[in-house]
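Visitor: Using the sequences plus the hints, can you model the full thing?
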Amino acid sequence: MPKVVDHQARRIELAEAVWQVIARDGIAEVSVRAVAAAAGWSTGTLGHYFRSRADLVAFAAELVVERVTERVVARLQDLPTRLTPIERARALLVETMPGDPERFTESSIAFAFLALGLRDPRLAAIQQRHFGGMYDLCRTLVHDLASHGAPLAGSSPDSAARRLHAVVDGLSVHVLAGHLTAEDMATELDAHLATLASSPG
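The letter at position 186 of the sequence shown is residue 186 when you use full-length UniProt numbering, and the numbering goes up by one with no holes.
Please keep in mind that the hints were generated in silico from the structure rather than gathered at the bench.
Where is the CB? At the ideal position from N, CA and C, for every residue including glycine.
Please note that a few of the clues may not be correct.
What the hints assert, rightly or not - Here are the in silico distance ranges between beta carbons for each label pair:
1. R119 to V173: 15 to 23 Å
2. Q128 to H148: 29 to 37 Å
3. R33 to G132: 42 to 50 Å
4. A115 to A91: 23 to 31 Å
5. A37 to D158: 42 to 50 Å
Guide: This is the structure:
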């Protein structure tokens, strides 16, 4: 009986090999040969699943976004109902930030794809969807805070959401660059969320 091949599982395996190469050697070293070696495949076999390096990298970038989204949704479903809006916001935002080795690697990969997107329209479109999703999350959390009476430091909900998004991404970059520890990042995130619960002045 012929062996059944799960093509999507194989494609995911190769995307994860892209992440492995990026984490180990950097985005510039991602090649069909390097990814095939990391996955333990031949370049010929890899070619059955992706026609080019560009196709492989785009799929790997999409998968990062999917994984983060799935984790945030799963976390949302598991949150205790007793949490305050601030606690709920923190619990969801930290899922997207480099607070542990797994998320550090994931974030470093996501930001590496961001750099490539500056000159690759397909990756730029993926990043736009990712940024849109993160902004939507921040906007939802801010509106939740406002609906429970948070003054948002006098800002409009949309302005507060943009600022929260920028803070989350900025803190993440500082951790990736080694300028902040994960503990520093958590402290600064808590401080910013606290300002949203305060009045201006």
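Visitor: Okay, which hints does this one fail, numbers in order?
Guide: Hint 3 contradicted; others consistent.
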